Amino acid sequence: MPAQTVAQFTPVIYMLGFGVLASVPALIISRLLSPRRRYNPVKFLPMECGQMPTGEGRSHFMMQYYAYILMFVVFDVMAIFLYTWASALFLIPRAATLPIMAFLGIMFAAMGYALYLAGRKGIW
Amino acid sequence: MATYPQEYRFGKFIASIVWVVLWIVIIISLIGLPIIFVILFYVPLPPVNGEVLTPYLFLSMMVDPTRTLPIVHFIIHTDIFKVAVFPGFSFAALFAAVTIFVERKFLAKMQLRIGPLYCGKIEGILQLLADGLKLIAKEIIIPSGADKPIFWAAPIAFVATSAAVVALIPVAPGWVAANVNVGIIAVFAILGFFPLIALLFSWASNSKYPFIGGLRALHQMIAFEIPFFLSALSAVILSGSLNLTDIAKAQHPYWYIFFLPISAFVFFISSLAELERIPFDLPEAESEIVAGWLTETSGMIFGLIQLGSYVKVYALSALFVILFLGGWAGPQIFPKELSHGPTAGLMGLLTLQGVYNGVTVNAIFWFVVKTFGIIMLMLLPRGISPRIRIDILLHTGWYKLIVLTFINMFIALALIYGGILGPGGLLTGH
Amino acid sequence: MSQDQNNKSGSSITPSQPPSSTPAKAAAPPTKERTEAPAFENSLVSQIVSRFGDYKIKVAYIRPLRIKVNVDPTDIIEVATFIRDNLGFDHAESVTGTDYPKDNQIEVIYQLGSYSKDDIAAHILSLATRTNRDDARLPSLTNVYKSGEYHERETFEMLGVYFEGHPRNERFLLPEDWADLPPLRKEFRIRGR
Amino acid sequence: MAKNLEHQIDESEKLGMQIVKESEDDRLMTLSVGPQHPGSGHFRFTVKVDGDYVVYCDPDPGYVHRGEEKMCEYRNFIQNIPHLERPVIHDSANITYSYSLAVEELVGIQVPRRGQFIRAIASELDRQIYTLYWLAIYGIFLGHSTMFMWPTGDRELFIDLMDALSGARVTHAFNIPGGVRNDMPSGFKDKCLRNISYFEKRLREYEDIFYTNPLFIQRTEGVGILTKEDAIRLGVTGSVLRASGVPYDIRKAEPYDVYNEIDFKVQYMKSGDSLARAYVPLLDMKESCHIMRQLLDKMPESGEVRAKLQPNPKGPLGEAYRRVESGRGALGYYIVSDGSPKPYRVKISVGSFRNMIALPHLLVGSKLADMPSVYWSLNYWPVEADR
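Chains as they are written, first to last, in our numbering: chain A, 2 to 125; chain B, 796 to 1225; chain C, 11 to 203; chain D, 40 to 426.
Just so you know, the hints here were simulated from the structure itself, not pulled from any lab data.
This structure is a prediction, so every number in the text was calculated from the model and none was measured.
Mixed in with the good hints there might be a few duds.
Okay, the calculated bits of chain D under chain C, using three or more residues with CB under 8 angstroms as the criterion [unchecked claim]:
| hint | stretch |
| --- | --- |
| 1 | 106-118 |
| 2 | 389-402 |
Chain D is nowhere near these chain C residues, computed Cβ spacing over 12 angstroms in every case [as the list claims (entries may be wrong)]:
| hint | residue |
| --- | --- |
| 3 | Pro48 |
| 4 | Arg76 |
| 5 | Asp144 |
Glycine residues also receive a C-beta, built at the ideal position from the N, C-alpha and C atoms.
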């Protein structure tokens, strides 16, 4: 069974490989065809709208919406759990839906609180 | 220095064609055929149609082209063909190219413009080729301080990842590169790579605007990942399977869009956000952060990322068709067989005897038509909508779309437990 | 709007009085007719004059809709505050400098207008002051007329008038490496002219 | 607490580690918007962002400064016209209109009545051309590409009219001291009326596709609110002022030429946000169509269009300050004459330069994504501000 599952995924790996095979020549041909004029170092500066770049390109940057990212970490797992339940829905008894509803209720309460926190300003 | 064209004569033109044909015949007969013979003698080939492919059989194929059809039949059922050509990469890339061209013309018509006109004489049909040539001939500039390996690898990874999504999409019964039992989860797993690539690329380019754009891409995809997941969940509940082919087959009499319109709407909106198309193109918002995470791309790096994103457009609209529009289902408009009785020679080749399958062709036709319709719908917001703002976007994703998906999930559950759908339901097909 | 606008409809108005000391080479041709200074404008000016007295306020001209008064740099903040608070001229339309090398002076004019009062919406009160050309310094009116901030900064750059109390007496429109005279001074010549 | 932290830092440095002290400034990222930015034009402003919020903004104009004021001192009154229209080539009738008024006041000439009407028509046409261009760019700044294409295309209606009137599509140097350069061609009135009624239909379509779009309203409503008090204090002008609830229009406040015979309303809104600043130009365009109809209607059928002017007029000793309402607000010329054929000093007081002061005021505290919608709603034309 595990070997069969792996075999199912081999075309995906082939496809990844084929994507690489199709795109690498494009870059190589482009490298061969295109001019290479490297005498002007200003050309290789990072974009700063025509100005000399100031400050770091990679810096500590705080978007105010990290709360959503933390929520995502929790709810992604929940979503996967719901998938396993949904795919087995016809096989399990109907009474088994109730715990799922209870689980969803707990998650909704947690999510409501998290959204309330995320909506508040000044904590990030 | 001006050069004057030589005097044009039709006879010279004909003569040049004759010369070219002559040279081709000579080269094939003196070089091509011996090489094929050598290959056929020394390389063992799989038996086709009960016969081993030998030079004699090959020669007989030249006399009777119908004899090549078993070979064609063999080839198109190999994994390599499926990956490289038909449901796989080339098909998706062709779809992407058509999408780009149609988008330009369609948008132009919407904006009372003409669009590409000159390149290729007929409505600028070769414009894409010209653009591709231009991109290939452009210098790739890597900003100083950039992380070079990642900078080179990111566009390749982008194309490869979107191709990997395509591998999971069934186009017709049996026509899928990878028929995976957990297909829909695999699709979402692969789609999860895209924010990673965007973030890596923006971090690697050592510039401020890509950095902000990458962060925005991350936030956007995260905000819409959950609605995206959960809207597909309703289709899984109704069909009871994670396999995409099974989900498509399960909607035999009635498409799921009739039961799950809210889910379909949420899925459509989320896939627009996933694709970074207007109105959700804020990772590339050009009036705020120059070009977002694509600011430092140049030449073919930009071209590959565009190719990847249009392949993604195809993949996600195909997914929409499979989940909600019944996949390839549609009235049979192609004849079951093109010819009756055995035909040989050129006629047999034209009717693709033994290869032609009316049902499959019909399925592919309807699939292409539906997918194209969804692609057109995806192009439409670009002409009628301004860009959304990030806080409104996050608010929409988390507060509205998730609630909507749950509403439709409960509707789906009610349909199952009310005995309308599901095994033995009122509306279940056979 | 009041009837003051009606006596002005694009008709030509000859200046009643030349600016106090324009560096004229030859005497200007005498004005043909003298229009009477209108009553409303006169009342505005008399308010200022009665508050500060003749020795502080020198009225340059009073025309329909246009008033120009000259003050000393030391009094300008006081006068401007009075004009803003009591007369209702609430914003500066522009701040202009004119260079008079003959007098060795630079004149800075604040063109003041009003949005909030309807009866003086059409009027422009020009508040002019003069400073020495060699060491051009003036008190800034930024605190009275915030709207003049960028105009003052431009005047600093173009004429070299240092505004004391202005938050940024800095380069504004000219190139970053500008190392020449302030370009609107008369001794700055355009190349080729 | 702080001592403890310093102690920890010392200890860790002994061990060879580094602790990066985060100050308030480290959080900020300085972004340069312009001059090579799809959302700036020939203009630059530096913003510092703390996450998604702008905490500092510093405008830096001057990338297209051409010294128009200095150039004026080297040319005589008539020679100045063609180069003075360069700052706003779309709105060149208005920018020369104000100059003509000031020169007429100095030189002392009366414009014939038909000339007054024709140059008012020209200025209204150019106002439409400018405002459509502005609207097009506002559309693309918000990511609405159709709204970029439609007004750009519809500008042609008025550009064609201007072409028929003056012989040039843009930069026509049509309004000159003493009147207009040439008379109106025959059939102009019918064509103008036809184009205006078509354009009014199009304006309703703009409202349908752009102004009533929920995403557009979400992005602009309540964004960058300029209160009435602030608008007056900062001395902004034009549509920005009228969007803040001050019904001030030079055409009404100080009517020049024939505007006191025209019946029109000053369009204004009270909310003072980006939505109002985007709406007021649309209302202005509608009102401008109304004005143009009246101008065409009331115009005398024949007559002189230009007053006789000396070939090289000398200004008398004196000064003049005249202003008109341009597409971007009050546009004033302050001209000092010393009796020679050349002006002694010309100062152009333009709406864009006056509106620029509101940019830092509005941008600080708003989101980075609001930057284009606030910036371009200020009706700021970088070339005009630089002069």
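Hint by hint, here is what the structure shows:
Check result for the stretch 106-118 of chain D against chain C: holds, 5 residues qualifying (beta carbon to beta carbon below 8 angstroms, three or more required). With 4 residues having a beta carbon nearer than 8 angstroms to a beta carbon of chain C, the stretch 389-402 of chain D meets the requirement of three or more and the stated coverage holds. With a cut of 12 angstroms on Cβ distances, Pro48 (chain C) stays outside the contact zone with chain D, its closest approach being about 14 angstroms. For Arg76 (chain C), the non-interface assignment is contradicted: its Cβ lies about 6 angstroms from the closest Cβ of chain D, within the 12 angstroms cut-off.
With a minimum CB-CB distance of about 20 angstroms to chain D, Asp144 (chain C) clears the 12 angstroms threshold, and the non-interface call stands.
Hint compliance for this structure: hint 4 is the single one not met.
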